[in-house]
Amino acid sequence: MAIEQELQAAVKAALPELDCIIGWGPGPDALRDAPLFLRDAADADVLRAGFFSVNNPALFLPEYKGRKIGVLVKGCDARSVGQLLLEGLVRREDLFVIGFPCSGVIDAGKAAALIADRCEAGELRSVREQGDSIVLEGPDGAFSLAKKDVRADKCERCLFPNAMDADLFVGEKRAPFAELDEYADLAAFEQAPLEERMAFWEKEMSRCIRCYACRDACPLCVCRDQCVAVARDPHWLSQADGIRDKLFFQIIHASHLAGRCTGCGECERACPMGIPVLLLKRALSRRVETLFAYRAGIDMQGRPPLLTFSLEEPRIKERDW
Amino acid sequence: MSDRSFTPAFISFKALSGWLRALAQKATVHAPRREGRAVVYRELGDGQGLESFLRPTESAKHVLFPRSEALFSFQRQGEAAGAASGKIRLQEPEGEGPAIIFGALSCDARGFLSFDPVYDGCGTAQAVGGIAKDPYYLRRRANTSIIVRACKSALNTCFCHWVGGGPASTEGADLLATDLEGGLLLSPCSEAGAALLEHPDCVPALPEQIAAAAALHAAAERSLGEAPPAGELAASRAALLALFENSEFWQRQSAQCLSCGACTYLCPTCYCFNITDESNGIAGARLRSWDSCMSALFTLEASGHNPRAAKAARLKNRVGHKFSYYPAIHEGRFSCCGCGRCIKSCPSSVDIRKIVLAAIKEAAHV
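Chains as they are written, first to last, in the numbering used here: chain A, 144 to 464; chain B, 205 to 570.
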């Protein structure tokens with residue numbers, strides 16, 4: 144791909160000034176790239192940036208605070224970088240941000256379901272992009288899928304496909320797929336009565352193995368080793384294998400991300416048990432949008448509403464209900 | 205590969221559910237079920253889709269080693285509960301009855317072989333007469349039969365053949381099921397497995413069915429990727445020790461790691477646990493729950509010091525334990541069954557195969 148080659152050249156040129164550059168390289172199976180930490184120019188030849196570059200590299204940035212590093216970002220990744228900057232968790236002068244136009248990324252779970260009759264995702268030998276399709280090499284030959292059928296839901300509603308605030312932007316900026324995120328997924332979910340919704344979460348959370356991949360894949364989950372979920376003193380969450388405490392953690396996670404979550408969806412993608420935990424965060428994002436007219440990671444002059452305090456919020460009528 | 209002293213049987217897919225239901229009269233049957241995007245073990249129920257081969261997302265270890273279990277419960281006695289004179293009443297949990305795991309993969313059955321010596325008073329416990337036996341695990345182990353379903357093909361993340369396994373390995377299995385046209389060939393690998401076949405729908409297998417299964421096993425074997433030359437992997441034991449102080453190596457290897465517990469909790473051989481007393485008022489329980497060496501809390505000391513404060517040290521431990529420290533005290537057996545779940549389900553695509561091979565290579569250069 145032309146963009147990939149341009150990015151490889153850009154990375155090679157930038158690397159001498161940087162500690163490392165975080166991007167994507169080949170993954171352990173065909174449908175996913177792996178995060179790649181480039182340290183010398185030879186590594187740049189395996190650099191990838193495209194439909195399979197799903198991981199959000201912003202996640203790693205706080206670890207490198209104080210060192211000058213480069214990072215390749217999709218539009219959604221750039222919003223995470225923006226939010227980290229706003230919260231002082233990374234410093235702008237430590238970063239060299241390389242953007243490129245993103246046309247969405249794969250939802251490997253969607254692809255796996257679509258190809259289930261042919262093979263498992265782990266049996267694919269290779270995959271490549273071809274315009275609006277991907278061409279997959281399975282055990283019984285090649286076949287193709289339309290990108291739109293396997294694209295992640297978050298991409299369909301993405302308003303910012305071009306990384307904002309990049310030091311270098313490679314390629315032509317493109318128009319987003321959507322003009323407005325109407326939270327249609329949430330609206331559909333809320334059609335069901337409350338009992339049904341609770342039953343849904345109980346069923347979903349019954350698969351949870353408490354690995355906390357959702358938390359550890361979240362670029363804005365910054366308590367890291369001090370997480371309330373594993374605190375022993377006080378001991379907030381029971382060690383018993385119960386749905387109540389598993390759901391309790393998800394509520395805590397979502398609450399801590401209210402007004403901070405950029406909707407990158409890494410929590411849900413990371414979940415090995417396929418629990419749709421992004422929906423909980425979206426419920427709070429919508430509320431923050433309604434109450435505070437705020438969307439995380441976009442306005443570098445803005446203040447995350449729950450990290451600040453106003454005596455009187457213009458959209459919250461506290462005194463004259 | 206099955207023991208010749210046992211006679212293989214055949215069961216049609218139509219009769220499969222009835223047979224398992226009959227088994228479920230005497231034991232709790234755990235079988236894989238697709239739920240959303242995951243395949244999880246559930247107690248036998250309706251619409252389980254037993255006729256199709258499903259690769260469980262999780263291992264079956266929770267059947268023998270629950271995610272959390274009460275070792276005992278306690279209650280303070282007497283009017284002034286909690287007073288110095290008060291007694292505490294302890295109660296053992298009720299043990300479960302027999303269990304059957306249907307549809308485990310061959311790697312999963314082999315995974316328990318890493319558990320066994322640990323919970324059967326091995327290693328350091330021998331210094332005190334091998335008394336450190338774990339009755340909770342051992343009771344379940346003795347009470348559980350494992351029906352392995354042979355893999356039809358390998359995934360890119362599979363490497364059971366690196367560590368002595370194979371898609372139709374019978375090690376650790378009681379019964380090996382192979383998907384044939386119209387049903388399963390059931391080859392017993394133990395007395396307990398043979399006993400499961402005492403059912404009118406389990407009919408003696410035809411020679412051509414046995415031959416067909418053998419051909420399928422061979423084909424699955426061929427679908428596995430390339431393994432390192434025989435014996436080369438054993439070098440990991442010395443290599444990982446040699447690299448113990450090489451923090452640069454481990455920082456490089458762990459750069460993409462999120463330090464979450466997906467790998468350890470999906471792993472059929474990770475056996476670590478934590479113990480917590482949880483009480484509410486005057487009653488409570490001592491819980492044993494899964495723990496993960498990828499978590500910061502795993503090594504956090506009471507003083508506040510943490511010898512594995514960084515993720516590099518935690519990943520080093522996970523790989524080192526499986527490919528060096530464990531084999532050093534267990535006759536060279538790796539604490540890894542090559543199921544590849546830690547790779548397949550890693551949100552950040554960490555590949556333990558690459559790390560072990562990189563360690564062997566790096567140590568050879570030093």
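Misleading hints may appear alongside valid ones.
To be verified - Below, a list of computed lysine to aspartate or glutamate pairs in the DMTMM-like style, where the Cα atoms sit at most 25 Å apart:
1. K253/A <-> D324/A
2. K565/B <-> D183/A
3. K253/A <-> E452/B
4. K558/B <-> E535/B
5. K211/A <-> D308/A
6. K253/A <-> D328/A
7. K346/A <-> E239/B
8. K558/B <-> E266/A
9. K565/B <-> D324/A
10. K356/B <-> E263/A
11. K337/B <-> D384/A
12. K208/A <-> D162/A
13. K356/B <-> D283/A
14. K253/A <-> E385/B
15. K346/A <-> D250/B
16. K356/B <-> D338/B
17. K337/B <-> D320/B
18. K208/A <-> E402/B
19. K558/B <-> D188/A
20. K346/A <-> E255/B
21. K346/A <-> E247/B
22. K558/B <-> D328/A
23. K218/B <-> E385/B
24. K290/A <-> E272/A
25. K356/B <-> D183/A
26. K558/B <-> D183/A
27. K253/A <-> D292/A
28. K460/A <-> E266/A
29. K291/A <-> E236/A
30. K230/B <-> E412/B
To be verified - Sample of chain B residues at the chain A side, in silico, Cβ under 7 Å:
31. L258
32. A459
33. Y469
34. L501
Please keep in mind that the hints were generated in silico from the structure rather than gathered at the bench.
Here a beta-carbon is modelled for each residue, glycine too, at the ideal position from N, C-alpha and C.
**Asked** Taking each numbered hint in turn, which are not upheld by the structure, reported in ascending numerical order?
**Response** 3, 9, 14, 16, 18, 22, 25, 28, 29, 30 and 31
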